[in-house]
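Student: Turn these sequences into a full structure, and let the hints guide you.
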Amino acid sequence: MNSKRDFISIDDFSNEEIEVLFVIADKMNLLLHRSHGVLAGHLMGSLFLEPSTRTRLSFEAAMNRLGGRVITMSDAAASSFSKGESLADSVRIVSSYTDILVLRHPHAGAARLAAEYAPVPVINAGDGGHEHPTQTLCDLYALRQTKGKLDGLRVIIYGDLKYGRTTHSLALALARFGTDVLCIAEPGLNLPTYVRNRLTAMEGISEHSLVVADENSVFSGEEREALLYTKNPQGWQLSDNALKLAGIAFDAIYVTRLQRERLAQDDADLGQALPPIDARFLSHGSFQDAVVLHPLPRVDEIDHEIDGDPRSFYFRQAALGVPVRMALISFLLGHEMMRVERAPKRDEREWKKASCANPNCVMTKEGDYLQQKIWKDPQERVHCVFCDEMLD
Amino acid sequence: MNSKRDFISIDDFSNEEIEVLFVIADKMNLLLHRSHGVLAGHLMGSLFLEPSTRTRLSFEAAMNRLGGRVITMSDAAASSFSKGESLADSVRIVSSYTDILVLRHPHAGAARLAAEYAPVPVINAGDGGHEHPTQTLCDLYALRQTKGKLDGLRVIIYGDLKYGRTTHSLALALARFGTDVLCIAEPGLNLPTYVRNRLTAMEGISEHSLVVADENSVFSGEEREALLYTKNPQGWQLSDNALKLAGIAFDAIYVTRLQRERLAQDDADLGQALPPIDARFLSHGSFQDAVVLHPLPRVDEIDHEIDGDPRSFYFRQAALGVPVRMALISFLLGHEMMRVERAPKRDEREWKKASCANPNCVMTKEGDYLQQKIWKDPQERVHCVFCDEMLD
Amino acid sequence: MNSKRDFISIDDFSNEEIEVLFVIADKMNLLLHRSHGVLAGHLMGSLFLEPSTRTRLSFEAAMNRLGGRVITMSDAAASSFSKGESLADSVRIVSSYTDILVLRHPHAGAARLAAEYAPVPVINAGDGGHEHPTQTLCDLYALRQTKGKLDGLRVIIYGDLKYGRTTHSLALALARFGTDVLCIAEPGLNLPTYVRNRLTAMEGISEHSLVVADENSVFSGEEREALLYTKNPQGWQLSDNALKLAGIAFDAIYVTRLQRERLAQDDADLGQALPPIDARFLSHGSFQDAVVLHPLPRVDEIDHEIDGDPRSFYFRQAALGVPVRMALISFLLGHEMMRVERAPKRDEREWKKASCANPNCVMTKEGDYLQQKIWKDPQERVHCVFCDEMLD
Numbered sequence: 035m036n037s038k039r040d041f042i043s044i045d046d047f048s049n050e051e052i053e054v055l056f057v058i059a060d061k062m063n064l065l066l067h068r069s070h071g072v073l074a075g076h077l078m079g080s081l082f083l084e085p086s087t088r089t090r091l092s093f094e095a096a097m098n099r100l101g102g103r104v105i106t107m108s109d110a111a112a113s114s115f116s117k118g119e120s121l122a123d124s125v126r127i128v129s130s131y132t133d134i135l136v137l138r139h140p141h142a143g144a145a146r147l148a149a150e151y152a153p154v155p156v157i158n159a160g161d162g163g164h165e166h167p168t169q170t171l172c173d174l175y176a177l178r179q180t181k182g183k184l185d186g187l188r189v190i191i192y193g194d195l196k197y198g199r200t201t202h203s204l205a206l207a208l209a210r211f212g213t214d215v216l217c218i219a220e221p222g223l224n225l226p227t228y229v230r231n232r233l234t235a236m237e238g239i240s241e242h243s244l245v246v247a248d249e250n251s252v253f254s255g256e257e258r259e260a261l262l263y264t265k266n267p268q269g270w271q272l273s274d275n276a277l278k279l280a281g282i283a284f285d286a287i288y289v290t291r292l293q294r295e296r297l298a299q300d301d302a303d304l305g306q307a308l309p310p311i312d313a314r315f316l317s318h319g320s321f322q323d324a325v326v327l328h329p330l331p332r333v334d335e336i337d338h339e340i341d342g343d344p345r346s347f348y349f350r351q352a353a354l355g356v357p358v359r360m361a362l363i364s365f366l367l368g369h370e371m372m373r374v375e376r377a378p379k380r381d382e383r384e385w386k387k388a389s390c391a392n393p394n395c396v397m398t399k400e401g402d403y404l405q406q407k408i409w410k411d412p413q414e415r416v417h418c419v420f421c422d423e424m425l426d
Numbered sequence: 035m036n037s038k039r040d041f042i043s044i045d046d047f048s049n050e051e052i053e054v055l056f057v058i059a060d061k062m063n064l065l066l067h068r069s070h071g072v073l074a075g076h077l078m079g080s081l082f083l084e085p086s087t088r089t090r091l092s093f094e095a096a097m098n099r100l101g102g103r104v105i106t107m108s109d110a111a112a113s114s115f116s117k118g119e120s121l122a123d124s125v126r127i128v129s130s131y132t133d134i135l136v137l138r139h140p141h142a143g144a145a146r147l148a149a150e151y152a153p154v155p156v157i158n159a160g161d162g163g164h165e166h167p168t169q170t171l172c173d174l175y176a177l178r179q180t181k182g183k184l185d186g187l188r189v190i191i192y193g194d195l196k197y198g199r200t201t202h203s204l205a206l207a208l209a210r211f212g213t214d215v216l217c218i219a220e221p222g223l224n225l226p227t228y229v230r231n232r233l234t235a236m237e238g239i240s241e242h243s244l245v246v247a248d249e250n251s252v253f254s255g256e257e258r259e260a261l262l263y264t265k266n267p268q269g270w271q272l273s274d275n276a277l278k279l280a281g282i283a284f285d286a287i288y289v290t291r292l293q294r295e296r297l298a299q300d301d302a303d304l305g306q307a308l309p310p311i312d313a314r315f316l317s318h319g320s321f322q323d324a325v326v327l328h329p330l331p332r333v334d335e336i337d338h339e340i341d342g343d344p345r346s347f348y349f350r351q352a353a354l355g356v357p358v359r360m361a362l363i364s365f366l367l368g369h370e371m372m373r374v375e376r377a378p379k380r381d382e383r384e385w386k387k388a389s390c391a392n393p394n395c396v397m398t399k400e401g402d403y404l405q406q407k408i409w410k411d412p413q414e415r416v417h418c419v420f421c422d423e424m425l426d
Numbered sequence: 035m036n037s038k039r040d041f042i043s044i045d046d047f048s049n050e051e052i053e054v055l056f057v058i059a060d061k062m063n064l065l066l067h068r069s070h071g072v073l074a075g076h077l078m079g080s081l082f083l084e085p086s087t088r089t090r091l092s093f094e095a096a097m098n099r100l101g102g103r104v105i106t107m108s109d110a111a112a113s114s115f116s117k118g119e120s121l122a123d124s125v126r127i128v129s130s131y132t133d134i135l136v137l138r139h140p141h142a143g144a145a146r147l148a149a150e151y152a153p154v155p156v157i158n159a160g161d162g163g164h165e166h167p168t169q170t171l172c173d174l175y176a177l178r179q180t181k182g183k184l185d186g187l188r189v190i191i192y193g194d195l196k197y198g199r200t201t202h203s204l205a206l207a208l209a210r211f212g213t214d215v216l217c218i219a220e221p222g223l224n225l226p227t228y229v230r231n232r233l234t235a236m237e238g239i240s241e242h243s244l245v246v247a248d249e250n251s252v253f254s255g256e257e258r259e260a261l262l263y264t265k266n267p268q269g270w271q272l273s274d275n276a277l278k279l280a281g282i283a284f285d286a287i288y289v290t291r292l293q294r295e296r297l298a299q300d301d302a303d304l305g306q307a308l309p310p311i312d313a314r315f316l317s318h319g320s321f322q323d324a325v326v327l328h329p330l331p332r333v334d335e336i337d338h339e340i341d342g343d344p345r346s347f348y349f350r351q352a353a354l355g356v357p358v359r360m361a362l363i364s365f366l367l368g369h370e371m372m373r374v375e376r377a378p379k380r381d382e383r384e385w386k387k388a389s390c391a392n393p394n395c396v397m398t399k400e401g402d403y404l405q406q407k408i409w410k411d412p413q414e415r416v417h418c419v420f421c422d423e424m425l426d
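First to last, the sequence lines map onto chains A, B and C.
Residues 35 to 426 in our numbering are what the first sequence lists, from first letter to last.
Residues 35 to 426 in our numbering are what the second sequence lists, from first letter to last.
Residues 35 to 426 in our numbering are what the third sequence lists, from first letter to last.
Incorrect hints may have been included.
Chain copies aren't distinguished; within one or between two, either way the pair holds.
[As the list claims (entries may be wrong)] Here are the simulated EDC-like cross-link-like pairs (lysine to aspartate or glutamate), alpha carbons at most 20 Å apart as the crow flies: (1) LYS117 / GLU84; (2) LYS117 / ASP337; (3) LYS379 / ASP45; (4) LYS117 / GLU335.
What the hints contain is simulated information worked out from the structure, not anything from laboratory work.
For clarity, every value in this text was computed on a predicted model and none was experimentally measured.
Tutor: Shown next as structure tokens:
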């Protein structure tokens, strides 16, 4: 039986596993320069069929820090690689050269497919607009580094919450750990429905559609619509679904840039309306102890003037991507053990009634040899195993 | 005197050397993860001036598995590298940084030229339509892995035998080892004349132009023309140059894809007419013990339905490329010795009477500083030392 | 306090430091294959945002020879990397993964900027038309290898001295070491004014605008204009600013190619008029002991016929780039100490009166967050800290 572990979705790890992983990452962080013998003789395949320099370099730094080696295929065009070959074949070939495979791919579900065909562990380094789970690990780890824990916190997620893929996984992960999440989005760019559904399906979590009052002109003199996810609405002193920031202390603001390259035609009239995070913003009493996080690259949603502020943690957050990925690679290659409860496996089964209709799903793209499989959510709705979209 | 060895053509190694190399590869295969100290301190230059991801990654995996290091130049356009520089200069510079050079280049004979100018061993990773000898090593090694030997076998080479460069070297190498080769090609895409001439020039080998009868509809109800190369025609029970498959047991079918990107204008009417290798095909009694090989990537000439068949060896064949290349690199760097008879050296000499007319030959491309050299075959015909084409 | 050392300009090292560096390089050259444990556990970021294969491979070879590891970003287009991100941010992120950063960038001053924002040592591998100081180190080292010293020599710099960036740094460095420099340029392509000014500002050095007489037809029967920089004009037997080569023995000729890709529109009528260095040229008595150097790639300014001449040192010069860069990396990472006088630090200060007007300066490109800083030369002229151009 194939007992290998992959890391395709943040849901592949239980909260307990994530916490143990972070203890390993703490150790890696201390040993950055002295860990280079651990994975000697091991080889990573770094397969980036969509540009993503920062993520690729972070993975390759991690493997090298561990003493392992890397072979790299990094090409803007997946097509030039394939020569008409199926993704399954490409994955089988490259993974047969290596001990672990890191895959970035433009199609949703590509990493799940790869995990099925590769005999070695597969890490999802981003699959289209679907998941980018190691970014979420890094985001969580940065928050834990600054706040010492991941539960009972109050976090604002700020910016483009529609196309900013990292915000989706982060909102879900924070809610899982028991942290309250306030989503303040650019107009028209709030969380997509499927994320909202998954959040409200969690035990005890309620959604509150709010208006955030603009005391002290934090929001340039305008009220802002927001979504709050919490197990403890009383703690927020809501009245008539209006939230006054005053009196609420936030632990972190997670800022994202407008994903201009992903904006659809009908989003074209959406501008950047939220004010940037700057010194004036951070001077508000609610943010006295709030660290500022950002998955980077930033454009201008965080003002350069606060780069030196002790609450600005985004650059150190990027640096922490290396020890987190070191921990993940070590674990998947069997060099670190976790004796905690694993995440439950999804109940997957074959499905002949319908096929995934998501045009960017790997099932649609590679359907000539792939078998449609599904999993059911607690509401018995049927989801594509690859891209997680619902099948009708 | 320069006693370095290069690997430019499969003819650079004798049968005995290839057999010893495969014994080394067996050892490498066992030690994949524990061999990482062998070439510590050694550096490979991986110079791919034409895209070839699989081959490049396989070489780089091999060097890393051995503990050596790799520096890589991988660019679709040779021109962007050269800045008007001669290939000889490029090779001199990069090889001066490294201990061994792997070269992929669009021009025939480029690796031979590189071997002349580099002070370190050079491996040909494909030079235009000319040779790709490490692929042939891998093909032979895969066959030997499954059949235990390379002589006295019966092998079908199937598909595009005109533009499928790997089929040329393989046919020649198999004949050298004493294995019978049956060439079944797409219409109009059989072996080119120069390969046929070299095959029939071998001692004891005769060519038979055949019609393969289509019992059991193996070939979609049509008879197929084929070429047979054998030292023992009686063993094939030919009658009137018709071959009945029934009663003949094959050891392997080597399948290649149609090289659509290389089809010339006047080949445009050639379609893919041979049936794909599928379960029905393999159910024929002649193929009961026939392994299926393919240099990959495959498109649709092998049906996905047989991927799980124990005779389907093409993915393991790809994986074996790593230990074979480990063995080759170790040998060329002097870390493995072979005390067997070497391949005879070609008698090369300068030639002022004429210059190579092959428009893709490196002699034509770099002729302003290169000296034309030739070698003579047993019929005293004069061949270009670089691309092996005949000079008139 | 940040006590890290960077290497952005050849002026960052004193003559004494360069001499010690070359002693380290001598050692590295002897230990090429046995030095692989020295920097084990160290990681280099190789960030090439402008194509430069030879320089990149040389740096990566050096780091690998030392046992360190490399992560590489090599892209023709800086833009595809940045996604609108500032260079400061890119540098902060990548340098946070690594122990040392090597940067090639199209904008003048980019490496200086990087050094300000990176917590790790930064090496300038070429910043637009500004500096390429490791090339200068290699040029000096090659000259010292052949002549045993760097002072009291007579060196011709030959070819495109306007756009050939390496000639600028070399002329300045040679003058600093006390070597006389004779600049013979293609018509219209002599040293730019700012280099001439810096040369003549050096203590004791005078500039002589000359005509080189063409005895023995060294210059195809034409007289050539030239510039001579020397502390000892009497040694050159000048009469009426005419120089007769006869009787003057040169130690080296440093040849550069015409930088056709940098020629401005109004340079279009400038052809290559200087004769190539060939056997006839070298047969002149003045060049009996003159080594021929070239930063490579060469096009046709050195004839292939002299490649085998013992005075032709350009290929060995390229190879020496590896031990020189090994020495530099080892020193910057603190594994080699230099107990000699350091180069004086430039007196840098903020400057609000004006901003750099050089359109290719990183100050102009990244001005929305950068602060203009300046340094003053002995004449109290104000220079941009990044691109060194004068501010009006």
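Student: Decide, hint by hint, whether the structure agrees.
Tutor: We went through each hint and held it up to the structure:
Taking the shortest Cα distances, LYS117 and GLU84 sit within 20 Å of each other both inside one copy (16 Å) and across copies (14 Å). In this assembly of identical chains, LYS117 and ASP337 lie within 20 Å of each other by CA distance solely across copies; the values are 17 Å between and 45 Å within a copy. For the homomeric pair LYS379 and ASP45, the shortest alpha-carbon distance inside one copy (9 Å) is at most 20 Å, but the shortest distance between copies (54 Å) is not. In this homomeric assembly, LYS117 and GLU335 come within 20 Å of each other (Cα to Cα) only across copies, at 14 Å, whereas the closest approach inside a single copy is 40 Å.
Comparing the model with each earlier hint shows no violations; every hint is respected.
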